[in-house]
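Undergrad: Sequence:
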Amino acid sequence: MVRHAIAAVFAAATLAGSALAAKCTKDNHCPQDTPCCSLYGDCGVGAFCLGGCDPLMSHSFDSCVPGPVCKSGTYSLDTLDDVQSIDKYLGDASKINWQSQGTPAIYTDPSSGQKSTLLTMAQGTVGTLLASTHYVWYGKICSKLTTAQGKGVVTAFILMSDVKDEIDFEWVGVDTGHVQSNFYSQGVTNYNNGGNLTISSGNTASTMHEYCLDWKQDSLTWSIDGKDLRTLERKNTWNQTSGRFDYPQTPSRIMLSLWPAGLSSNEKGTIEWAGGEIDWNSPYMQNGYYFARFQEVTVQCYDAPSGIKKSGDKVYEYTDKAGTNNTVAITNNQVILGSLMGTGEDPGEAPKSGSSQPTQSVAMVPGGNPGGGNRAEATEAAQVPGGSPPSSDGGSSGGEQTVGGGGAQQGFSQGGSGSSTGAATTVEPSLSRVSGSALAIVVAILGLCAL
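All letters in the sequence shown, in the order written, are residues -21 to -1, 1 to 430 by mature numbering (1 follows the signal peptide of the UniProt record, and there is no 0).
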């Protein structure tokens, strides 16, 4: 979970101008002119008001755009047509299922022809993130994937709510025989919540496995390839001090990511947890970047809690500062922004054709990189496994990066013995570490690292 380890990251963002953005906490809400508190603790408009906008720290409950309700289905990650970068997505989840930061690319297996999405991470960048545009409020969520490998490299498949409830699968690149499971409630660190799960066959880097989170109102189960490996009971999470269950219980986005825990600028404990500093000349890199491969995500939505306020079926809205499952309502108050100058309180209208873009000095994309999206990594995106140049298939992301077959078969193999080394045998380091939620924060300044 993100704690003190992100100080250096925010320093980098400050250099690029994000220091101008107001900060937000539960005691210090965002001002009216930049009303939306992002997952990263900064105030802004536009993308700040979409996924990850914290209603408990924003100007008002109406500042954040309500989260689109859960949608069951199988999402085959074989194209980027269903992906839109954070600086383009305005909240219409009926058209787009995934929001991106960084450089995702399409890989085609040369032997089977199977396509999947690569999350890439080149030197000078901080990885790639895909986040679902629809939320899940209890359900069974599965993903088929292979992980990146190497010191300091972390792959993640997590659920994250706007009030920072979190459920994690995380893979540290020095340990391809295990996956770390974890959970958090409203962003509070508890070093007793984690646990290592063992891969029974193959390893995480070279063998495709299916990882599932079966999230119910009273229990949470982590499973691999159909085998339940860990179950958490809600009744065992009661916090006497706060008077509530420290159990993930609020609508959450699905987040798939590859991020650099082993950056030299991170805290010592974070780097040790990740197995050491990243080697940017590692044999586990191909054509200049690390990569994790995601083949599909499946979602089975469960019923919302009984007794909740329900006046529609389109979006989830928070109604109270407690931020618990009994303070979420389901309504028809759907909001789509007119532009990145819009907010939940004032969505605005789409600019007319030929009109000039807004020139106001206000943060529109979390991380202090307005309009950056995945644009900053265009140079690195030209380098793909097997040496094949990327081709554009159009797509909502503004150009689909396609990894061809040919020589990629040998170059794409990551190998791995499944042995456990370094800090991977410890679920939490002695110092505050960066986790799945940190990836979202780190990736938010993708453009800054390449400028």
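Note that these hints are calculated values from the structure, not bench results. Because the structure is a prediction, the values reported are computed rather than measured. Worth double-checking, as some hints may not be accurate.
To be verified - PhoX-like, lysine-lysine: derived pairs with alpha carbons at most 20 Å apart: (1) Lys50 <-> Lys2; (2) Lys300 <-> Lys289; (3) Lys206 <-> Lys195; (4) Lys50 <-> Lys74.
Stated by the list, open to error - Here are the computed distance ranges between Cβ atoms for each label pair: (5) Ala329 <-> Asn260: 30 to 38 Å; (6) Gly222 <-> Thr53: 38 to 46 Å; (7) Asp57 <-> Asp282: 39 to 47 Å; (8) Ser39 <-> Ile287: 16 to 24 Å; (9) Gln313 <-> Ser243: 42 to 50 Å; (10) Ala301 <-> Ser51: 34 to 42 Å; (11) Pro330 <-> Ser55: 13 to 21 Å.
No residue lacks a Cβ here, since even glycine has one placed at the ideal position from N, Cα and C.
Undergrad: Each hint needs a verdict: does it hold in this structure or not?
TA: Results for each hint:
1. For the suggested pair Lys50 and Lys2, the alpha carbons sit about 33 Å apart, so the restraint of at most 20 Å is broken.
2. Only pairs whose Cα atoms come within 20 Å are accepted, and Lys300 paired with Lys289 is accepted, the gap being roughly 18 Å.
3. Between Lys206 and Lys195 the alpha-carbon distance is near 17 Å, which keeps this suggested pair within the 20 Å criterion.
4. Annotation: proposed proximity of Lys50 to Lys74 holds, straight-line Cα distance about 13 Å (limit 20 Å).
5. Between Ala329 and Asn260 the beta carbon distance is about 46 Å. The supplied range of 30 to 38 Å is therefore violated.
6. Distance hint for Gly222 and Thr53: a CB-CB separation of about 40 Å, consistent with the stated range 38 to 46 Å.
7. Our hint of 39 to 47 Å for Asp57 and Asp282 is violated, since their Cβ atoms are close to 30 Å apart.
8. Take Ser39 and Ile287: their Cβ atoms lie about 21 Å apart, and the range 16 to 24 Å holds.
9. Distance hint check for Gln313 and Ser243: the Cβ-Cβ separation is about 44 Å, which falls inside the suggested range of 42 to 50 Å.
10. Here the CB-CB span from Ala301 to Ser51 is close to 28 Å, at odds with the stated 34 to 42 Å.
11. For Pro330 and Ser55, the hinted distance range of 13 to 21 Å is not satisfied, since their beta carbons lie about 34 Å from each other.
Violated hints, in rising order: 1, 5, 7, 10 and 11; the structure is consistent with all others.
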